[in-house]
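Chemist: The residues making up each chain are set out below.
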Amino acid sequence: MKSPEQRDLFPGALEMMILRTLKRQPLHGYALAQHIKRTSNDLLQIEEGSLYPALQRLLKEELVKAEWGISSTNRRVRIYKLTAAGAKHLQQEVSRFEKMLDGITRVLAPGES
Amino acid sequence: MSWLRRIFFRRHLYNDLSDEIREHLEERIEELAAGGMSRKEASYTARREFGNVTLVEEDSRAVWRWPSIENFFMDVRYGLRMLRKNAGFTAVAVITLALGISANTTIFSVVNGVLLRPLPYRDPSRLVVVSLFNQKTQEIFPLCDADFLDWRAQNQVFSDVAAFSGTTFNITGSGLPEQVRGGVVTGEFFSTLGVMPVLGRTFLASEDRPGSAPMAVLSYNLWQNRYGADPSVIGHAIVLNGSSTTVIGVMPPRFLPTAETQLWTNLVVKPPTFRGPYYLSGEARLKPGATIEQARGELAAIARRIEQQNPATNSNMSFRVTPLEEAIVGDVRPALLVLLGAVAFVLLIASANVANLLLARATVREREIAIRTALGASRARLMGQLLTESLLLAVIGGVLGLLFAKWGVKLLSELGPSNLPRLEEIAIDGRVLAFTFLISFASGIFFGIVPAFPSGRSDLNKSLKESGRSAEEGQGRGRARSVLVVAEIALSLVLLVGGGLMLKSFLRLQAVSPGVNPKNALTMQITLPRFQYHGDSQVISFYQHLLEKVQILPGVESAGVGMSLPPNLLEVTDYFTVEGQAAVSERMLGLADLVFASPNYFQALGVPLLKGRLFSAADRADAAKVAIINLTLARHYWPNENPIGKRLRTGGPERPNNPWMEVVGVVGDINYSGLDAAPEMVLYEPYQQAAWSSMYLVVRTSSKLDNPATLASAVQNAVWSLDKDLPVAHIRTMEQLLSESVEQPRFRTVLLEIFALIAVSLATVGIYGVLAYSVSQRRHEIGIRMAIGARRSDVLWLVVGQGMLLTFIGVAIGVTGAFVLTRFLSTLLYEVRPTDPATFVVVPLLLAGVALLACYIPAWRAMRVDPMVSLRHE
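Chains as they are written, first to last, in the working numbering: chain R, 1 to 113; chain E, 1001 to 1874.
Same shape as in the complex, but just chain R (with noise of 0.2 Å):
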C-alpha cells in the first residue's frame, strides 16, 4: 500500500526529519508535527497522520525509544528520544542525503552546456 509521504517524499525523508528533530530535545508526536511543519514553512505537504507510522518504523528499529509523561500543557504524551542507534543512523542519512543532493544539485546546475 502507498503511503502519502511515499508519495511526496523519497522513502526515509521523513525518517531522517523526525530524527533530526528528536536530536536537538525529546518530543511527543503533536509538537513533532508542529515543529517539522514550521520549520519547513508549510513547505512539504505532510499529513500530520503519516508521522505515526514513520514512528512506528524508527521505534522498531530502536532508533527511537518512547515513554509516557506529563507535557508543559500538562497533557498526557508519549515523549520520543534518540537513542544512540538513532544518532549514528541520523549521520549516516545525512550524509548520504547530502552526497545525493550534491549530485542532482549537479546535474540540475545550469552553466557548461
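Keep in mind the hints are simulated off the structure, nothing from the lab. Please note: incorrect hints may appear among the correct ones.
To be verified - Computed list of lysine to any residue pairs in SDA-like fashion (alpha-carbon distance at most 25 Å, straight line):
#, chain 1, residue 1, chain 2, residue 2
1, E, Lys1406, E, Pro1120
2, R, Lys60, R, Gln25
3, R, Lys65, E, Thr1054
4, R, Lys60, E, Leu1013
5, E, Lys1040, R, Glu47
With chain R held as given, fit chain E onto it using these hints.
Modeler: Okay, now just chain E, sitting in the frame of chain R:
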C-alpha cells in the same frame, strides 16, 4: 525487544498508538479552539490536517507485522465469517465443488494406481513381453516351446529370458479341495522381473530343465489364506493336481498386476519334436544399453530363420516385442484417459457454476466493497481478500471432495471390473493428495478471479449512492456470466455426446447374439488332476459318469461338457488341414478354436444344429473319428458344397499321423473370444475321442426354475459323489458369464454416463441460475414493458429467448468440440463411429430440451410479474 515478545505485546503497542493519536487530535482541537474556532469546526480541521485516522492506525500497526501473512490470516478469518453468514450459498458452492473434485480425485487415483505408478519390479521399463504374431493377419498368438528355446538361445539383447503360462491348479490334502489360478513358469521368471521372495527362494535358472523336481512358489494371498501365514510351509510338500510339490518360496503381496494368480510351479521345457502347442508368453529384460528397437530387429531376424526352416507352421510369423507395462495396462489406458478427461470437464463446469454464484454475490456485495474502498482499502488488497474467500471455498470443497473420493475409491475397487489390471493398487496416496490439492487450488483461482476482476473496477460513487437497492448488474459482469453458461453448455454437450456414443456402443455390444440361449443355463469348471486321472479312458469315464448323474437331477433338462465356453472362455486353438485343400493352403493352415464336447453340450447351450447330426454316445474312442464344424468354417472351406462327409484333421504336415475326421454336422456360430470379436472358425470333436481333463460343465435347467444357480449345490454334490477331493470352480449362470465378459465396457460406460449426467445437471442449474438472476434484476424493466402493453407471451419469449440464445451458442461450440474430441473414443467403441450422426443430432436436441425447461421456470416467473408491484418497488 525480540520479535516473539513483539507479537505477544502488540496489543499493548496498539493501545498506546490509539491513545497517542487521540491525544494528538485532542491537543490540536484545543489549540484551534483557543484560537477562536468553534469546537465542531476545530474538530473537522484537526481531522483534515491529520488525515485518515483508521488508515494511519492500520499503517502504523502494519509496521509491527508480517503484513502479507497476517493479512492473509485476517482475510481467512473474515472469509470464514462471510461463508458462515451465507450458509446456503456456501453449501451449494462447496457441494458443487466437492462433486467435481471427488470425481477427479477418484479417477485420478485409478489412473495413478494403474498407469502412473511404476510396476513393482526392478527397473520395470527394461522389461518386455514377447509373443508370436502373424504379419499378414495381425493376429497375436502365444509361443510354443520351440519358439521359446530358439529365442532364448539365439538372442543377444536380453540379459534374462523367461516364459510362463496361466493354468489352474487343484490344491488338495490339508483343508477343502480348492481350484486356483496359477502359472507354470521357466526358471528365470522371477529373476527377470527382479523381485525377491518374502520367504524362501524362487526357481533357479536350471530348474526348467528336464529332470527337475516339481516345486511351487506361493503368492502372498494364498500363503495367508490357505496356509495361515505359516513360515514353516517352506520345504513342505503340498498336493497340486494330485502330485506332491515342494513349496520353496512366498512372493510379496501385489507381485502380479491381477490378484488372480495364486501360485507358480516350475515349467519343465523338454526339447520339442514339433512346433506346438502354442501356450507360452515370453518375458525378458533388455541388457543395459539395449533398446527395444534392437530387440525387435533381432527377434525379427530369428523369426525369419525359423520361418525358413518351418514354412508350414511359421509362414508370416514374427515375434512381437511389447514393453511389459504396455502389455499390462495398454488396453485400459485409452478408457482411463477418456474418463480423466471427462472428470476434468465436470470440474470445469462445477467451477464455472461456482464462479456464476460468486458473480451474483459480487453484485450484492458491491456496497460492502465500495465502503471498504472508501475506508482506504487498495484494489490489490480487495482482490486478495476476494481470492482468499474463493480459495477457502475451494479448500473446503477439496477436503469434502477428498472424503467423497475416499468412499468413491473404495466403491470402485469393490465394484470395478475384477479383470482391471492393478485394481488392488488403487488408493489415495501422496501423489493423489497433491493432485487433489492442485486441482482445488486451480479451481479456486479460476472461479475466484472471474468475479474479483469486475469489482476491482467498480465505480465507487455509484455504488455508494445506490444505497439499499441492489446495484444494476454491470455490463462486464453480465457478459462474464453468459460466457460461463455458454462454456458450461458446450462442455456438458461434449460429455453427453461421448456418453451417448459409449452407451450406443455398449447397447450394441450387449445386443450381439452370443449364439447361445443364455436363459436357464448353469456352468462350472472341473479340472481333473493328471496324476489321479492319467489315462484318457479315466478322464472320459469320469465325465461320462458325471453327465449321467447330473442328467437325472430334478430340474435338469440337459447337461454337457465342453473345453471352452462362450462368450470369452476360449481355452485352445489349433491348426487344421482340410483334405484335398491341404496343398492349396500349405503356406496358410487354417486356425480354429478347438473344442472337445459331449453330445449334449450343444443342446445345453442352445446352439442350433444347421446340418447333419450332433455327436452321439456311439462316437466312442474306437469308432470312426468325427467332427462338427461351425457355420463360419463351413462357409470358408465349402462355400458352395455340402461339408457333411468331408474330412479334416488337426495340425499341418508336421503332424502327418493325426487321423482324419469326418464332418458329421454344422452348428451355429458361437463367440469364444468375446462378444466384440469377429466370428472365428470352430472345430468340435467328441469328448470320447479327444479326452481333455479340464472341462466346463453346462447344465440347462427347467424353465420352471427361477434361477438356475439354485441347482449349483446339487450339481456340486454330484461331482463330489464321484470324487470328494475335486474342486468345482467358476460357478456361473450363462447370463452372468455374458455380463462379466462386458465388465470393462460396462464399467467405463456407466462412469462416463454418471459424469455426463453430473455435467448436464450442473449446466442446467447454471442456465437456470443466470436466467433467474437476470429476471430478478430486470423485474423493473419487465414491469415497465408490461405497463406499456407487452403481452405475457412477449415476456416469456424475452426470457426464454435469452436463455436459448446462450444454449444455442453453447451447443454449437459443443458440437464442434465433440466432433474433434470423440475421435479419442474410437478404440472404445463397438460398431459405432465416433461421429455417429444419430448421436450428434439426438444429444444436442436433448440438451436443448433440458435447457428449455431450465429457462421456462424463470420465464414463467417473469411472466407473472405484476407491473404495479414491481414499479412501486422502486
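Chemist: To test your reading of the hints: which numbers does this structure violate?
Modeler: none
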